[in-house]
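Asks: This is what each chain is made of:
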Amino acid sequence: MVRHITGGAPFRLGRTIDMLGKLTLSVIPFHSIIVMGAVGGSILAGLIILGLITYYRKWPYLWREWITTCDHKRIGMMYVILALIMLVRGLSDAIMMRLQQAIAAGGSMGYLSPDHFNQVFSAHGSIMIVFMAMPFLVGLMNIVVPPQIGSRDVAFPFMNAVSFWLTAAGAMLVMASLGIGEFSKAGWSGYASLTEKQFSPDTGVDYWIWAFQIAGAGSTLSSVNFLATIFKMRAPGMTFMRMPMFTWTSLFTSVLMVFAFPVLTATLFLLTLDRYLDMHFFSNDLGGNMMMYVNLFWTWGHPEVYIVVLPAFGVFSEVVSTFSGKRLFGYRSMVYATAAITVLSFAVWLHHFFTMGASPPVNIFFGIATMLISIPTGVKIYNWLFTMYRGRIRFTTPTYWTVGFLMTFSIGGMSGVLLASPPANYVVHNSLFVIAHFHNVLIAGTLFGFFAGYSYWFPKATGFTLDEKWGKLAFWCWLSGFYMAFIPLYVLGFMGMPRRMHHFTNAAWHPWLIVAALGTAVIVAGVLCLAVQLVVSIRNREINKDITGDPWDGRTLEWSVSSPPPEYNFAHIPVVNGLDAFTDMKESGAAYAEHERYFDILLPANSASGPLIGLLAFMLGFGMTWYIWWLAIAGALGIIITMIMRMSNDNTERVITANEVGTIERKRHEMISSALNNEQPLRTLL
Amino acid sequence: MNTITAPARPAEAPFHYDSAANREFGFWLYIMSDLILFAVLFATFAVLGRAYAGGPGARQLFSLPYVFAETILLVLSSAVYGIASSGARTNRIFAVMAGLGLAFLLGLGFIFMETKEFYQLIVDGNGPARSAFLSAYFTIVGTHGVHVLLGLIFMAVMIGQVLAKGLTAMVASRLKRLGMFWHFLDIVWIGIFSFVYLIQVI
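If you read the sequences in order, they're chains P and A.
Residue numbering for the first sequence follows our numbering, starting at 678 and increasing by one per position.
Residue numbering for the second sequence follows our numbering, starting at 2 and increasing by one per position.
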């Protein structure tokens, strides 16, 4: 007995170490003050939030109303919150990069080690695309699309929750890599064979793979969900050519997602097999083909660019039309232009690596296909301009973002046409010119679009409008900060500075990099303005209350319901007679009509399985990253068991009775009529 | 036969959330996206299919009669699933159980044969790490195999559901989607049989 215990102890210790795979205390970067500061800050912020929730006893509320919800509006808001948090994280990485390059001139090595710098730029790209832009656009789609098409929810509310929690699990993995081990040092695109085990033996690439894989699965599910929603759940009378433009762009984005994301899944899967099972897809020995990785990656990666920008185009279309008080100019051409971009976006991936060494005919094909995209995009620009032309433009914050977009995006688009020419591309390939170009289209296109949508639909989601003064200040900071930070990069690109440089000796580059760093500071001021705007707006929420649900004199159906909408969105499903359905209703007097009878409404019931699947997916990803096999297997099995349980549950809906609906609706009508009687301005003319 | 006792449906509502039609449409979309995943694996195999890296090639490794037997098992499994489908439509619970049971056993036989084939290859030193060709081969066939395995789990769950709940509307809808999945895997296998085995060996 005694011998058994003494003999067992070292064995058990050995097992404990095995149990944690590659995970030991030494992987936590205690030596790096910067990293530990970031980790400490993140943990402290998390603890403060958790403490506040506990102090105010909000856990039951949070669990009931948010964590287990299947309501598309709540899920949408959680997506946007996640996107804003990850925006701050990605921005921190940007600040660190700009600071490093502003310092590391001449003989200086700057303040970041090369290893750390590589992680920072890899994390920046990964986070901004997959954990900022994607959640932001899916969040907006969630908040806007169902009410815009006169639906009570998305087609698969539970799957919607699963999508969100998978995205959150992926984001958590990226955050975990901050303090536990390292993140990938191979760039956000993770080119093989640098990402092969032989050249990147540590866990960074594995973090990157599993974070992308889990969030990507969520995105694929989202796309299926929104395709089914838009195809199957439109209100009676809403034919395709009566769909609001944002719904159209959401549809095309979903088409792109459903085609592109499986390619990412497969590509990362092959890379995983290379790394974990010593296979030879992208290795440079035993027959592997590393250019295949680059081709496959950009087969997803280029459509991904349009996935994040098309919904932004949809936002601008809604904003321009609403704030010009006009129907969107060239609606049909807008739809066809979006369709053309969708198709073309799958035919241009090779322009990311013209220098691969493909034959001239191949490069010419992809060069011309790339240039062709500027035609439908140009159609869109002119449509927006002609919508504004002779309109009664109201210069609200969303309008500011839109006008800023129109000018800045056109510049970025033109530098894109320049890059589309293979000979010119050879000259600036892998230089800062490319960085300047894609930030010029992604910040001005995607991000400004999301900010426009954020301020445009904020009152719809929360019930009060955002502060205009701080919003406009944020816009000016972002716009001027953007030009300051990125125009120098165009110049530096022409001067021959490659991207992703840790330090450099060319003194001529230095001044431009200092300007770029100052520009980043202005952008940071813009983000601070957005934060202040949020705080000020929440504080003044009673003053800025959106009583009617239609603060901007909106034209589409989401403005016909209260802000925030009741859980069921529409007590009676509206009947649509044309484009701009709500404008029609207001003109014919059918808006705000009271109904005599109300009916029971079926809604998705809450489910804890969504967050549970997110948690299990995190376990799977973390276990795989650190070779903790039991954890990974537990996560995978847990997901399968949860799915089987869910599949066997037939009671996934709950009823809101006619009485409850009637109470909510009558209260809303009282509010509207009292607002009208008191002659409070309806805020329609701002 | 018990039918689903849904709460009183609102007289006016034009749709029912998670209705069977929506679920089927959504499942078609999922199948489409899964096909893209297989398309990538087929493309990969097209690129690496001759990258033997000095190791054995398809002709030395694959036995067409064996793979043909596998194919017969899977195709038969898909065919007998039709018995379950028509049984679900005409409310004959015995036909449903017989169809599901047979399809399950045939699918299991397929998985058994495939596992044996993989095992033999690996034991002979021709595992997926041997060459890019074998990596691509194991991955495309194995991915299909994992799909079949998940389909078998799905099938076992459905056998349990039919026994426990009878052919309710929800169960019938799930049976229909399982059928879509099962036939889809059959079609993918035909592609694998043709492009991975047949063309390589001939």
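One or more of the hints may lead you astray.
[What the hints assert, rightly or not] Computed list of lysine to any residue pairs in SDA-like fashion (alpha-carbon distance at most 20 Å, straight line): (1) Lys177/A with Ser1325/P; (2) Lys1149/P with Arg1071/P; (3) Lys1146/P with Ile1058/P; (4) Lys166/A with Arg741/P; (5) Lys177/A with Ile1058/P; (6) Lys909/P with Ala22/A; (7) Lys874/P with Lys1003/P; (8) Lys177/A with Phe194/A; (9) Lys1263/P with Asp1327/P; (10) Lys909/P with Ser174/A; (11) Lys1344/P with Thr1139/P; (12) Lys909/P with Leu164/A; (13) Lys177/A with Arg1323/P; (14) Lys874/P with Thr949/P; (15) Lys909/P with Met33/A; (16) Lys177/A with Asn1326/P; (17) Lys1344/P with Arg1071/P; (18) Lys874/P with Met968/P; (19) Lys1149/P with Val1104/P; (20) Lys117/A with Gly58/A; (21) Lys909/P with Ala21/A; (22) Lys1003/P with Val1094/P; (23) Lys166/A with Asn1328/P; (24) Lys166/A with Arg1071/P; (25) Lys1003/P with Ile1058/P; (26) Lys166/A with Asp1327/P; (27) Lys177/A with Met1322/P.
In case anyone wonders, no lab produced these hints; they're calculated from the structure.
These figures come from a predicted structure and were not determined experimentally.
Asks: Any of the earlier hints contradicted here, and which numbers?
Replies: Hints 3, 4, 5, 7, 8, 9, 12, 17, 19, 22, 24 contradicted; others consistent.
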